[in-house]
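Okay, here's what each chain looks like letter by letter:
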Amino acid sequence: MPRYYLGVDVGSVSTDIAVLDSSMKIVDKIYLRTKGQPLKVISEGINQLQDKYDNSEIGAVGTTGSGRNLAGVILGADVIKNEITTHAVAAVHMIPDVKTVLEIGGQDSKIIIIRDGVAVDFAMNSVCAAGTGSFLDQQAARLEIPIEEFGEYALRAEAPVRIAGRCSVFAESDMIHKQQLGHDLPEIIAGLSAAMVRNYLNNLAKGKDIKGPIIFQGGVAANVGIKKAFEDELGIDVIVPENYNVMGAVGAAILAREEIARLKRKKTSFKGFEITDFNFKTTSFECDGCPNCCEIVNIYQDSQLIARWGAKCPRWEAV
Amino acid sequence: MKKITFPQMGDMKIGLKALFAELGFEVVVPPKISKKTLDLGVKYGPEFACLPLKINLGNFIEALEKGANVIVMGGGCGPCRFGYYAEVQRAILEDLGYCFEMIVLEPNLLRDYQHIKKILGNVSLKRLYNGLKLALYKIYMIDNIYKLVLATRALEKKKGEIDSLYSSFLKKIDQVSSLKKIKALKDEYQNKIKENINDYQRDERLIIGIVGEIYLVLEPFVNLNIEEKLGELGVIVKRDIYMSSWLSHFLHLGNEMRQIKKAAEDYLDSFVGGHGLDSIGNTVRYARVGYDGVIQLAPFTCMPEIISQTILPSVSKKEKIPVLSLFFDEHTGDAGLQTRIEAFVDLLMRKKIYDGKLLEKGINYA
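First to last, the protein sequences are chains A and B.
Mapping the first sequence onto the working numbering, position 176 (from 1) lands on 176, and the numbers just tick up by one.
Mapping the second sequence onto the working numbering, position 331 (from 1) lands on 331, and the numbers just tick up by one.
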């Protein structure tokens with residue numbers, strides 16, 4: 001009897017898995033670093049669940065994140081959804097009257113405006129990495145502070161210094177100049193948090209109607225310094241849900257269950273936990289059919305080709 | 001021997017080829033835009049220029065390599081950088097050592113005619129008239145069919161059928177040169193497309209209007225095939241920016257511009273260059289006829305569209321229509337675009353279900 005629903009979010013920085021029970025409560029969650037090897041990390045995550053659950057107990061599987069298509073073909077997902085929709089769905093699930101979702105992940109950040117439980121507007125950063133987790137990671141590494149403690153440092157600041165937030169290159173050189181003048185680390189880190197929040201609100205939230213309840217999710221929501229900077233700037237309390245770092249996966253699991261119900265399908269297309277026994281491999285080549293030189297990617301399960309993408313024309317369509 | 005070439009933009013090549021062939025010249029159509037075209041344009045174009053200049057430049061280099069020696073390019077004097085692109089491109093190509101002549105078409109038909117005569121020899125007015133008539137007729141008929149493609153891709157019976165009909169239509173219209181045959185082809189394909197759609201699905205489909213800068217709207221290579229992607233997501237696409245509508249405006253035919261200005265007047269009351277005013281006016285019109293959403297397309301750093309982008313949030317709020325602005329530069333990876341349009345389509349679909357629009361029509365999604 002299916003009792004559990006699986007959501008998998010393969011992002012640039014982390015791969016998250018959430019297992020929900022039939023009342024849509026989270027019973028298991030896994031948070032792994034993707035480290036540029038999504039295939040290996042998906043297997044690793046599924047492997048951790050293999051002993052706890054039986055194939056027949058899984059009612060539906062959904063994937064999301066920038067690696068959603070890859071994860072989808074490997075797992076046999078019932079639904080493959082973009083990360084904006086899954087984050088919105090999960091936020092509404094956690095806090096039904098939520099009106100604004102702030103989400104900051106590794107490579108991108110987004111804002112979603114929700115009214116009456118439905119997303120009505122969203123924005124996602126496009127060409128700039130200044131307001132994302134990767135930049136914070138980089139700065140933490142440069143200052144030799146573990147990323148987990150980065151936020152605490154900001155809270156200790158008495159008088160934050162001003163850091164330029166328009167661009168990560170400007171921000172870094174501004175930080176270095178302030179350091180060399182003798183400012184304390186907490187002051188600088190608090191300044192950086194404020195700059196990041198300013199950049200986010202200027203870039204993404206421009207012209208958007210930000211109302212409470214506000215929910216803050218994604219990996220960066222762990223950073224108490226950024227949370228406080230948002231609260232200071234917006235003048236409203238910001239809620240960080242308990243499962244802030246697996247919200248995409250939660251949304252994917254909820255949507256997968258809905259999809260099975262909507263199509264009135266009896267059975268999930270989940271391939272089973274045994275997929276970890278297979279050897280998944282990707283190969284790529286440059287097509288020489290025309291000057292587009294498309295980079296074609298092949299996904300193999302052992303020696304069988306299970307998916308192929310990257311082409312602009314139908315030449316390589318048939319698998 | 002004069003060998004004429006011109007920039008690629010959507011399916012414009014078919015009309016221009018017909019015009020110059022009718023005038024008795026050899027035409028060198030630039031190769032289809034590819035990564036190579038983009039690489040050449042980015043390598044030799046000024047870094048801060050917008051994408052259309054770079055792609056045009058790549059087109060010209062590829063065509064010159066194929067033996068072209070006359071380039072026809074648009075000019076103009078609107079407050080957008082495009083008016084000066086031909087001169088910049090001429091200087092770059094000359095620096096690269098190419099030998100060619102350039103005809104820059106300005107909004108002054110008499111002077112254009114004299115310019116063409118000077119470079120191409122004595123072209124009689126009658127011949128020019130016939131050539132223009134043929135070219136314009138092809139352009140209008142192509143747009144006519146493509147409008148139908150945009151409206152029916154999401155309804156096709158067999159996946160990919162409508163696109164393959166469209167490409168066979170283009171191939172055929174390229175080969176005929178009488179107005180009667182063109183008309184017959186248009187009618188034939190109109191019927192073929194209509195036979196290939198499931199009309200009963202129409203009510204459950206979203207309608208998205210496209211606005212923005214004309215080059216980005218018309219050229220699928222630079223907009224990463226957004227219209228086809230939307231069709232695959234089950235969206236009916238509508239727009240008012242076409243080569244033919246631009247020509248109608250240029251030749252002072254019809255009153256569409258008046259309607260656009262009227263619709264935009266609460267938000268923007270002056271010409272801001274390019275199609276900036278159209279983007280505002282059309283968004284308002286689309287909201288008022290009940291389209292579900294609007295997508296704005298523009299090249300990165302495009303001044304007219306940046307102006308409309310900053311006005312669109314208030315249009316969106318007052319007219320109650322969601323708007324997604326997308327700016328494009330030289331990236332060719334489309335995963336980011338796919339994520340954004342999928343999310344936008346989800347948002348519109350959930351909104352449509354929530355608003356009860358589908359239930360009213362007897363469609364139950366729950």
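Treat each hint with caution, since some may be false.
Derived BS3-like pairs: lysine-lysine, alpha-carbon spacing no greater than 25 Å straight-line [what the hints assert, rightly or not]:
{"no.": "1", "chain 1": "A", "residue 1": "Lys99", "chain 2": "B", "residue 2": "Lys158"}
{"no.": "2", "chain 1": "A", "residue 1": "Lys206", "chain 2": "B", "residue 2": "Lys317"}
{"no.": "3", "chain 1": "A", "residue 1": "Lys40", "chain 2": "A", "residue 2": "Lys29"}
{"no.": "4", "chain 1": "B", "residue 1": "Lys317", "chain 2": "A", "residue 2": "Lys211"}
{"no.": "5", "chain 1": "B", "residue 1": "Lys35", "chain 2": "A", "residue 2": "Lys208"}
{"no.": "6", "chain 1": "A", "residue 1": "Lys264", "chain 2": "B", "residue 2": "Lys35"}
{"no.": "7", "chain 1": "B", "residue 1": "Lys35", "chain 2": "A", "residue 2": "Lys312"}
{"no.": "8", "chain 1": "A", "residue 1": "Lys312", "chain 2": "B", "residue 2": "Lys13"}
Everything labelled a hint here was simulated from the structure, so no lab data went into it.
Checked hints:
| no. | hint | in the structure |
| --- | --- | --- |
| 1 | A:Lys99 - B:Lys158 | 41 Å, violated |
| 2 | A:Lys206 - B:Lys317 | 13 Å, holds |
| 3 | A:Lys40 - A:Lys29 | 18 Å, holds |
| 4 | B:Lys317 - A:Lys211 | 15 Å, holds |
| 5 | B:Lys35 - A:Lys208 | 37 Å, violated |
| 6 | A:Lys264 - B:Lys35 | 44 Å, violated |
| 7 | B:Lys35 - A:Lys312 | 11 Å, holds |
| 8 | A:Lys312 - B:Lys13 | 21 Å, holds |
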